[in-house]
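First to last, the protein sequences are chains U and A. Counting from 1 along the first sequence, just add 1 to a position and that's the residue number in my numbering. Counting from 1 along the second sequence, just add 22 to a position and that's the residue number in my numbering.
Check before you lean on any hint, since a few could be wrong.
Under the rule of at most 25 Å between Cα atoms (straight-line distance), these lysine-lysine pairs were calculated in the DSS-like manner [said to hold, decoys possible]:
(1) A/Lys-162 with A/Lys-98
(2) A/Lys-162 with U/Lys-42
(3) U/Lys-42 with A/Lys-98
Far from chain U, by Cβ distances over 10 Å, these chain A residues were calculated [stated by the list, open to error]:
(4) Leu-90
(5) Val-96
(6) Tyr-116
(7) Ala-128
The hints are simulated quantities; they were obtained by calculation from the structure and are not laboratory data. Note that the Cβ used here is the ideal one computed from N, Cα and C, for glycine as well.
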Amino acid sequence: MGFSVSATMAIFFAAFLTLFSFLYSSVNDAFDTVTGSFEDKYDDMSDRASTSFDLIDARYYRDDNRLDIRLRNSGGTSLECNDTELLVDGMLVGSATFKVGNGTSELWLPTDVMTISLTDPNITFDATAELRQLASNDERLSSPRNISVGDEVYIIDGNDIDVFTLEGAFDFTVSDPTHIVKPVDLKAYGDYIYVLDNATHVDRLTSSGAWVDAFIDDAINTSAPGSVAVDADYVYLVDGQDHVDRYSRATGAFVDCLIPNGGTMSAPVDIFVGAFVFTTDVSAGAYHIDRYALDGSGGTQIVGSERLTSPTDISVSPSGLDRRFLYVVNNSEEVLVFDEDGNYLDSVSDGLSDAVWGTDATGKIFVSDGANGLVVENLGTSIKVVTENGVSRVIQL
Amino acid sequence: MGASTASTQLIFFISALVVSSIVVAVATRSVFDIASGIDDRSGIVEDQLATDIQIINDPSVVPNDPVLIYVKNVGKVTLNHELVSVMLDGITVYNATLTVTGSGSAYWEPASTLIISMDQNLVAGDHTVTVTTENGVSDKMDFRI
Numbered sequence: 002m003g004f005s006v007s008a009t010m011a012i013f014f015a016a017f018l019t020l021f022s023f024l025y026s027s028v029n030d031a032f033d034t035v036t037g038s039f040e041d042k043y044d045d046m047s048d049r050a051s052t053s054f055d056l057i058d059a060r061y062y063r064d065d066n067r068l069d070i071r072l073r074n075s076g077g078t079s080l081e082c083n084d085t086e087l088l089v090d091g092m093l094v095g096s097a098t099f100k101v102g103n104g105t106s107e108l109w110l111p112t113d114v115m116t117i118s119l120t121d122p123n124i125t126f127d128a129t130a131e132l133r134q135l136a137s138n139d140e141r142l143s144s145p146r147n148i149s150v151g152d153e154v155y156i157i158d159g160n161d162i163d164v165f166t167l168e169g170a171f172d173f174t175v176s177d178p179t180h181i182v183k184p185v186d187l188k189a190y191g192d193y194i195y196v197l198d199n200a201t202h203v204d205r206l207t208s209s210g211a212w213v214d215a216f217i218d219d220a221i222n223t224s225a226p227g228s229v230a231v232d233a234d235y236v237y238l239v240d241g242q243d244h245v246d247r248y249s250r251a252t253g254a255f256v257d258c259l260i261p262n263g264g265t266m267s268a269p270v271d272i273f274v275g276a277f278v279f280t281t282d283v284s285a286g287a288y289h290i291d292r293y294a295l296d297g298s299g300g301t302q303i304v305g306s307e308r309l310t311s312p313t314d315i316s317v318s319p320s321g322l323d324r325r326f327l328y329v330v331n332n333s334e335e336v337l338v339f340d341e342d343g344n345y346l347d348s349v350s351d352g353l354s355d356a357v358w359g360t361d362a363t364g365k366i367f368v369s370d371g372a373n374g375l376v377v378e379n380l381g382t383s384i385k386v387v388t389e390n391g392v393s394r395v396i397q398l
Numbered sequence: 023m024g025a026s027t028a029s030t031q032l033i034f035f036i037s038a039l040v041v042s043s044i045v046v047a048v049a050t051r052s053v054f055d056i057a058s059g060i061d062d063r064s065g066i067v068e069d070q071l072a073t074d075i076q077i078i079n080d081p082s083v084v085p086n087d088p089v090l091i092y093v094k095n096v097g098k099v100t101l102n103h104e105l106v107s108v109m110l111d112g113i114t115v116y117n118a119t120l121t122v123t124g125s126g127s128a129y130w131e132p133a134s135t136l137i138i139s140m141d142q143n144l145v146a147g148d149h150t151v152t153v154t155t156e157n158g159v160s161d162k163m164d165f166r167i
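Looking at chain U on its own, in the form it has when it is part of the complex (with noise of 0.2 Å):
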């Protein structure tokens, strides 16, 4: 009897010390686990609270219609920049790049600039008074008149050419009576800034200032030219006869009188083209705004007289966008804003003087305005950055 019990005691001692080994294993080994899962969990939550960045600038490059923004890795984690998701006005944006340097890592390290670059950005129009950015430089400005914006924004001011940052900070004075003597219209494009001088002859500077060359001095073909527009193959002039020649960008060479006067075409004051011809016309004292085809045909009136007060400047959306818009300086104290078939989209008046004369719309809008300087108003298009970890940026364009 006691040695059977003695066995069992025995079989029960060896499976308690067998059993107690394999339980304690499973439960050291499920402990280890999740004490390693809570780690890694805090690893990335202290990962995600030391991410930060910001934004360095937002720029739309309206001659090959892409948009770039600058990035700085402000926080302590380094980040795949391949990894980042960009949403332009609420939507995923798959073919965006993401470059930090030369582009030879994918690694954004901490301090180091992320470049985005999205082409076809499909920049909308949605501007509210609450987003405008009045810029603090009237003092720059005596007379501002026509507008144009490229690497930056150039304002006719007197007989100077003022230049600011895209921010809205003055840059610098472009002052040369010897090449420029009275300016009347400006556009910047490509390299050059093409300044139509003393309603005679073309000149072209250097994105810096620089006078490289009087373009076009054509008093044969275009007599009096009164604006100046420009595109990616020619430069188009309104001119005294009230018809509108076109030019070479190239070579500045004369190569047609693209759409002559009569019909829709009565007394052109302004020209802008896009991915149409759009000119501010007047007719027996009334103004209207026609739009043609790029070969000059298919003349019409879109915008009607009932909208327009003497209207001083006219702006379109580059070409390349998808959803494009009409800007017009209308009444010396709006910009009326309209979409290609001239139908009424929205003012903006808020913030603006009584003495407003040009406008330029890029990635903003930007407006010359007698008594507050320069005004860039955003265009209300949201952009969002989110980072490999989920941290996120909004940015108003």
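Use these hints to put chain A onto chain U, whose structure you have.
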């Protein structure tokens, strides 16, 4: 008498061995089940802790008709996007189309984004969307149309 006592003790001894072996076998099975359960449970907790998703839409401009929701896998685990559940304004959406971007994989890998397209035209106002993964990790976003 001596022989019968010895036989009885032998029977008791054998019976004790058999009974104790049965008890040990039952206990062993139970302990194995418990250990297996602990392993499974720790694996689930490990997966849940390593799983993290984030709805990355701009809540002020969520695409409508169809409603597009973008969810980024910001965790460490590759997920099966076919097992994702979507609730819009508290109602489960069954006919959503799910597409993974950012990699060529059929699965929802870390750092890639899941596009959830719902063929709905939401009325203007405030809405809520909740996305839940296969292991119960979820994210929620309030937005306005």
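(request) Against the structure, test the hints numbered earlier, and report the numbers of the ones violated in rising order. (result) When the structure is compared with the hints, numbers 4, 5 turn out to be violated.
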